[in-house]
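Student: Produce the complete structure using the sequences and hints provided.
Just so we're aligned, residue 1 is where the sequence shown starts under this note's numbering, counting upward by one.
Take the hints with a grain of salt, since some may be wrong.
To be verified - Across the chosen pairs, the derived CB separations fall in these ranges:
id, residue 1, residue 2, range
1, A53, A3, 31 to 39 Å
2, A234, L115, 55 to 63 Å
3, T71, Q120, 31 to 39 Å
4, L19, D232, 55 to 63 Å
5, D161, S35, 38 to 46 Å
6, D161, T30, 52 to 60 Å
7, V279, L90, 42 to 50 Å
8, W9, E69, 40 to 48 Å
9, A234, T172, 28 to 36 Å
10, E98, A234, 51 to 59 Å
11, I11, E69, 39 to 47 Å
12, L19, N277, 52 to 60 Å
13, A234, E119, 30 to 38 Å
Read the hints as simulated data drawn from the structure, not as lab findings.
We treat Cβ as the ideally placed atom computed from N, Cα and C, and that holds for glycine.
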Amino acid sequence: LGALAAGAWVILRRGLHPLEEMATTAAGITAGDLSQRVEPANDHTEVGQLGLALNTMLDGLEGAFQEREATEQRLRRFLADASHELRTPLTSIQGFAELFRLGSDDRPVDLPVILRRIEQESGRMKVLVEDLLLLARLDETRPQASDPVDLSVLAADACSDAVATAPDRQVTLDAPTPVVVRGDADHLRQAIANLVANAVKHTPAGSPIEVIARVEGDQASVSVRDHGAGLDEATLAHAFDRFWQADAARVGTGSGLGLAIVAGIAEEHGGSVQAANRVDGGAVFTVTVPEAGRAEAPTVG
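Tutor: Below, the structure is given as C-alpha coordinates:
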(Lines of atoms letter the chains of each structure in order from A; the text may use other names.)
(Lines give C-alpha, C1' and ligand atoms only; values in the text may rest on other atoms or scores of the structure.)
Protein backbone atom coordinates (compact mmCIF):
# COMPACT_ATOMS: atom_id res chain seq x y z
CA LEU A 1 0.00 0.00 0.00
CA GLY A 2 2.84 2.35 0.84
CA ALA A 3 4.50 1.67 -2.52
CA LEU A 4 1.20 2.22 -4.33
CA ALA A 5 0.64 5.50 -2.46
CA ALA A 6 4.17 6.70 -3.27
CA GLY A 7 3.77 5.77 -6.92
CA ALA A 8 0.40 7.51 -7.13
CA TRP A 9 1.89 10.63 -5.53
CA VAL A 10 4.76 10.69 -8.03
CA ILE A 11 2.38 10.24 -10.97
CA LEU A 12 0.06 12.98 -9.71
CA ARG A 13 2.97 15.37 -9.12
CA ARG A 14 4.26 14.75 -12.65
CA GLY A 15 0.77 15.27 -14.08
CA LEU A 16 0.10 18.42 -12.07
CA HIS A 17 3.53 19.99 -12.61
CA PRO A 18 2.60 21.54 -16.00
CA LEU A 19 -0.52 23.02 -14.40
CA GLU A 20 1.62 24.54 -11.63
CA GLU A 21 3.88 26.09 -14.28
CA MET A 22 0.80 27.46 -16.04
CA ALA A 23 -0.37 28.98 -12.76
CA THR A 24 3.04 30.62 -12.25
CA THR A 25 2.97 32.02 -15.80
CA ALA A 26 -0.61 33.22 -15.29
CA ALA A 27 0.52 35.12 -12.21
CA GLY A 28 3.16 36.92 -14.29
CA ILE A 29 0.60 37.71 -16.98
CA THR A 30 -1.77 39.07 -14.33
CA ALA A 31 1.05 41.40 -13.22
CA GLY A 32 1.01 42.93 -16.71
CA ASP A 33 3.54 40.95 -18.76
CA LEU A 34 1.44 39.83 -21.73
CA SER A 35 4.50 38.55 -23.60
CA GLN A 36 4.71 35.37 -21.49
CA ARG A 37 3.32 32.08 -22.82
CA VAL A 38 2.40 28.88 -21.05
CA GLU A 39 4.05 25.48 -21.57
CA PRO A 40 3.34 22.86 -22.77
CA ALA A 41 1.29 24.00 -25.76
CA ASN A 42 0.65 21.13 -28.16
CA ASP A 43 -2.01 18.70 -29.32
CA HIS A 44 -0.51 15.61 -27.69
CA THR A 45 -2.15 15.81 -24.25
CA GLU A 46 -5.17 17.45 -22.67
CA VAL A 47 -2.87 19.77 -20.70
CA GLY A 48 -1.00 20.69 -23.90
CA GLN A 49 -4.28 21.47 -25.65
CA LEU A 50 -5.21 23.71 -22.72
CA GLY A 51 -1.86 25.51 -23.02
CA LEU A 52 -2.33 25.92 -26.77
CA ALA A 53 -5.77 27.48 -26.25
CA LEU A 54 -4.41 29.80 -23.55
CA ASN A 55 -1.53 30.94 -25.78
CA THR A 56 -3.93 31.64 -28.65
CA MET A 57 -6.06 33.74 -26.32
CA LEU A 58 -2.96 35.56 -25.04
CA ASP A 59 -1.85 36.34 -28.62
CA GLY A 60 -5.23 37.95 -29.26
CA LEU A 61 -5.13 39.92 -26.01
CA GLU A 62 -1.58 41.15 -26.60
CA GLY A 63 -2.47 42.26 -30.14
CA ALA A 64 -5.59 44.04 -28.90
CA PHE A 65 -3.66 45.90 -26.19
CA GLN A 66 -0.92 46.89 -28.64
CA GLU A 67 -3.52 48.19 -31.09
CA ARG A 68 -5.25 50.14 -28.33
CA GLU A 69 -1.96 51.67 -27.22
CA ALA A 70 -1.11 52.61 -30.80
CA THR A 71 -4.55 54.15 -31.25
CA GLU A 72 -4.17 56.17 -28.06
CA GLN A 73 -0.76 57.41 -29.19
CA ARG A 74 -2.16 58.42 -32.59
CA LEU A 75 -5.05 60.19 -30.87
CA ARG A 76 -2.74 62.10 -28.52
CA ARG A 77 -0.49 63.10 -31.41
CA PHE A 78 -3.48 64.08 -33.52
CA LEU A 79 -4.93 66.25 -30.75
CA ALA A 80 -1.55 67.88 -30.13
CA ASP A 81 -1.08 68.63 -33.83
CA ALA A 82 -4.64 69.91 -34.19
CA SER A 83 -4.20 72.20 -31.20
CA HIS A 84 -0.98 73.54 -32.65
CA GLU A 85 -2.50 74.19 -36.06
CA LEU A 86 -5.56 75.91 -34.57
CA ARG A 87 -3.43 78.03 -32.26
CA THR A 88 -1.71 79.80 -35.15
CA PRO A 89 -4.80 81.43 -36.74
CA LEU A 90 -6.31 82.09 -33.32
CA THR A 91 -3.16 83.93 -32.26
CA SER A 92 -3.28 86.02 -35.45
CA ILE A 93 -6.95 86.86 -34.92
CA GLN A 94 -6.26 87.85 -31.33
CA GLY A 95 -3.35 90.08 -32.40
CA PHE A 96 -5.35 91.91 -35.08
CA ALA A 97 -8.27 92.31 -32.66
CA GLU A 98 -5.92 93.96 -30.16
CA LEU A 99 -4.68 96.29 -32.90
CA PHE A 100 -8.27 97.25 -33.62
CA ARG A 101 -8.90 97.88 -29.90
CA LEU A 102 -5.94 100.27 -29.65
CA GLY A 103 -7.74 102.90 -31.67
CA SER A 104 -6.96 104.75 -34.87
CA ASP A 105 -4.18 106.93 -33.42
CA ASP A 106 -2.02 104.07 -32.14
CA ARG A 107 -2.73 101.50 -34.85
CA PRO A 108 0.27 100.75 -37.08
CA VAL A 109 -2.02 99.03 -39.63
CA ASP A 110 -5.10 100.43 -41.38
CA LEU A 111 -8.52 99.15 -40.34
CA PRO A 112 -9.31 97.54 -43.75
CA VAL A 113 -6.07 95.57 -43.54
CA ILE A 114 -6.89 94.42 -40.01
CA LEU A 115 -10.38 93.28 -40.99
CA ARG A 116 -9.07 91.53 -44.10
CA ARG A 117 -6.45 89.63 -42.12
CA ILE A 118 -9.01 88.62 -39.47
CA GLU A 119 -11.27 87.36 -42.24
CA GLN A 120 -8.43 85.41 -43.86
CA GLU A 121 -7.34 83.76 -40.63
CA SER A 122 -10.95 82.93 -39.75
CA GLY A 123 -11.40 81.30 -43.15
CA ARG A 124 -8.19 79.35 -42.68
CA MET A 125 -9.35 78.11 -39.28
CA LYS A 126 -12.77 77.19 -40.71
CA VAL A 127 -11.16 75.05 -43.43
CA LEU A 128 -8.95 73.35 -40.85
CA VAL A 129 -11.92 72.55 -38.59
CA GLU A 130 -13.91 71.18 -41.55
CA ASP A 131 -10.97 68.93 -42.51
CA LEU A 132 -10.71 67.69 -38.93
CA LEU A 133 -14.43 66.91 -38.83
CA LEU A 134 -14.19 65.03 -42.13
CA LEU A 135 -11.29 62.95 -40.84
CA ALA A 136 -13.27 62.17 -37.69
CA ARG A 137 -16.24 61.01 -39.79
CA LEU A 138 -13.95 58.88 -41.97
CA ASP A 139 -12.63 57.18 -38.82
CA GLU A 140 -16.15 56.18 -37.79
CA THR A 141 -17.56 52.77 -38.65
CA ARG A 142 -20.76 53.60 -40.51
CA PRO A 143 -22.59 52.43 -43.63
CA GLN A 144 -20.94 53.76 -46.78
CA ALA A 145 -22.89 55.37 -49.61
CA SER A 146 -23.08 53.06 -52.63
CA ASP A 147 -24.04 55.21 -55.60
CA PRO A 148 -22.46 54.74 -59.05
CA VAL A 149 -19.91 57.53 -59.58
CA ASP A 150 -17.89 58.28 -62.72
CA LEU A 151 -14.37 59.20 -61.63
CA SER A 152 -13.55 60.58 -65.07
CA VAL A 153 -16.23 63.26 -64.59
CA LEU A 154 -14.89 64.12 -61.14
CA ALA A 155 -11.35 64.32 -62.55
CA ALA A 156 -12.56 66.68 -65.30
CA ASP A 157 -14.16 68.93 -62.67
CA ALA A 158 -10.93 68.97 -60.65
CA CYS A 159 -8.93 69.90 -63.74
CA SER A 160 -11.35 72.74 -64.52
CA ASP A 161 -10.98 74.05 -60.97
CA ALA A 162 -7.19 73.91 -61.25
CA VAL A 163 -7.21 75.88 -64.51
CA ALA A 164 -9.50 78.48 -62.96
CA THR A 165 -7.24 78.97 -59.92
CA ALA A 166 -3.93 78.71 -61.83
CA PRO A 167 -4.43 79.94 -65.43
CA ASP A 168 -0.68 79.64 -66.09
CA ARG A 169 -0.84 75.86 -65.69
CA GLN A 170 -1.24 73.34 -68.47
CA VAL A 171 -3.62 70.78 -66.92
CA THR A 172 -4.40 67.76 -69.13
CA LEU A 173 -6.90 64.96 -68.57
CA ASP A 174 -6.57 61.48 -70.08
CA ALA A 175 -9.88 59.64 -69.52
CA PRO A 176 -11.07 58.06 -72.79
CA THR A 177 -13.79 55.92 -71.18
CA PRO A 178 -16.09 56.19 -68.14
CA VAL A 179 -14.51 55.04 -64.88
CA VAL A 180 -17.48 54.01 -62.74
CA VAL A 181 -17.20 52.99 -59.10
CA ARG A 182 -19.67 52.72 -56.25
CA GLY A 183 -19.33 55.05 -53.30
CA ASP A 184 -19.83 58.54 -51.91
CA ALA A 185 -19.68 61.06 -54.77
CA ASP A 186 -18.86 64.04 -52.53
CA HIS A 187 -16.01 62.23 -50.79
CA LEU A 188 -14.53 60.93 -54.04
CA ARG A 189 -14.80 64.41 -55.55
CA GLN A 190 -12.87 65.84 -52.62
CA ALA A 191 -10.19 63.15 -52.83
CA ILE A 192 -9.46 63.88 -56.49
CA ALA A 193 -9.69 67.64 -55.94
CA ASN A 194 -7.21 67.38 -53.06
CA LEU A 195 -4.70 65.53 -55.23
CA VAL A 196 -4.94 68.12 -58.02
CA ALA A 197 -4.80 71.02 -55.54
CA ASN A 198 -1.76 69.41 -53.90
CA ALA A 199 0.01 69.29 -57.27
CA VAL A 200 -0.82 72.97 -57.91
CA LYS A 201 0.25 74.06 -54.45
CA HIS A 202 3.55 72.21 -54.15
CA THR A 203 5.09 72.60 -57.59
CA PRO A 204 6.62 75.62 -59.34
CA ALA A 205 4.27 78.03 -61.08
CA GLY A 206 3.63 77.23 -64.72
CA SER A 207 4.66 73.57 -64.52
CA PRO A 208 2.19 71.15 -66.17
CA ILE A 209 -0.08 68.69 -64.38
CA GLU A 210 -1.36 65.45 -65.90
CA VAL A 211 -4.47 63.61 -64.67
CA ILE A 212 -5.27 60.05 -65.82
CA ALA A 213 -8.42 58.04 -65.07
CA ARG A 214 -8.36 54.35 -65.99
CA VAL A 215 -10.00 50.97 -65.39
CA GLU A 216 -7.62 48.02 -65.12
CA GLY A 217 -9.29 44.70 -64.44
CA ASP A 218 -11.64 45.17 -61.52
CA GLN A 219 -9.83 48.27 -60.23
CA ALA A 220 -10.42 51.91 -61.12
CA SER A 221 -7.70 54.49 -60.61
CA VAL A 222 -7.08 58.22 -60.88
CA SER A 223 -3.46 59.40 -61.09
CA VAL A 224 -2.22 62.97 -60.72
CA ARG A 225 1.30 63.57 -61.99
CA ASP A 226 3.25 66.81 -61.54
CA HIS A 227 6.59 68.04 -62.87
CA GLY A 228 8.05 69.43 -59.67
CA ALA A 229 11.12 68.44 -57.69
CA GLY A 230 9.69 65.07 -56.64
CA LEU A 231 9.47 63.56 -53.17
CA ASP A 232 12.30 62.67 -50.82
CA GLU A 233 12.34 59.43 -48.82
CA ALA A 234 10.78 60.97 -45.71
CA THR A 235 7.91 62.46 -47.68
CA LEU A 236 7.30 59.19 -49.53
CA ALA A 237 7.08 57.40 -46.18
CA HIS A 238 4.85 59.97 -44.44
CA ALA A 239 2.99 61.73 -47.27
CA PHE A 240 -0.40 60.47 -46.08
CA ASP A 241 0.18 61.01 -42.35
CA ARG A 242 -1.98 63.62 -40.71
CA PHE A 243 -0.33 67.04 -40.34
CA TRP A 244 2.74 65.88 -42.24
CA GLN A 245 4.38 68.86 -43.95
CA ALA A 246 6.35 68.40 -47.14
CA ASP A 247 10.01 69.29 -47.24
CA ALA A 248 11.32 72.61 -48.47
CA ALA A 249 11.72 71.30 -52.01
CA ARG A 250 7.94 71.20 -52.32
CA VAL A 251 7.02 74.87 -52.42
CA GLY A 252 3.86 75.89 -50.58
CA THR A 253 2.12 75.79 -47.21
CA GLY A 254 -0.82 73.94 -45.74
CA SER A 255 -2.16 72.13 -42.70
CA GLY A 256 -0.95 68.70 -43.79
CA LEU A 257 -4.44 67.18 -43.87
CA GLY A 258 -5.20 67.13 -47.61
CA LEU A 259 -3.42 63.87 -48.44
CA ALA A 260 -4.53 62.28 -45.16
CA ILE A 261 -8.12 62.93 -46.23
CA VAL A 262 -7.39 61.31 -49.60
CA ALA A 263 -6.05 58.21 -47.82
CA GLY A 264 -9.09 58.08 -45.54
CA ILE A 265 -11.53 58.35 -48.45
CA ALA A 266 -9.68 55.66 -50.42
CA GLU A 267 -9.80 53.34 -47.41
CA GLU A 268 -13.48 54.15 -46.92
CA HIS A 269 -14.12 52.82 -50.45
CA GLY A 270 -12.04 49.69 -49.99
CA GLY A 271 -9.14 51.11 -51.98
CA SER A 272 -5.72 52.63 -51.43
CA VAL A 273 -3.53 55.57 -52.41
CA GLN A 274 0.15 55.56 -53.37
CA ALA A 275 2.83 58.18 -53.90
CA ALA A 276 5.87 57.67 -56.11
CA ASN A 277 8.51 59.52 -58.08
CA ARG A 278 8.66 59.29 -61.86
CA VAL A 279 11.94 58.33 -63.49
CA ASP A 280 11.76 61.36 -65.78
CA GLY A 281 11.01 63.75 -62.89
CA GLY A 282 8.07 64.82 -60.79
CA ALA A 283 5.77 62.93 -58.44
CA VAL A 284 2.63 60.91 -59.10
CA PHE A 285 -0.21 60.19 -56.67
CA THR A 286 -2.65 57.39 -57.51
CA VAL A 287 -6.00 56.54 -55.90
CA THR A 288 -7.27 53.03 -56.61
CA VAL A 289 -10.77 51.77 -55.72
CA PRO A 290 -12.83 48.74 -56.85
CA GLU A 291 -14.61 49.27 -60.18
CA ALA A 292 -18.43 48.99 -60.26
CA GLY A 293 -18.99 48.06 -63.91
CA ARG A 294 -19.81 50.24 -66.87
CA ALA A 295 -23.41 49.10 -67.32
CA GLU A 296 -24.70 51.29 -64.49
CA ALA A 297 -25.64 54.89 -65.01
CA PRO A 298 -23.22 57.18 -63.17
CA THR A 299 -24.28 59.71 -60.56
CA VAL A 300 -21.89 62.54 -59.79
CA GLY A 301 -24.07 64.60 -57.45
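Student: Any of the earlier hints contradicted here, and which numbers?
Tutor: 2, 5 and 10
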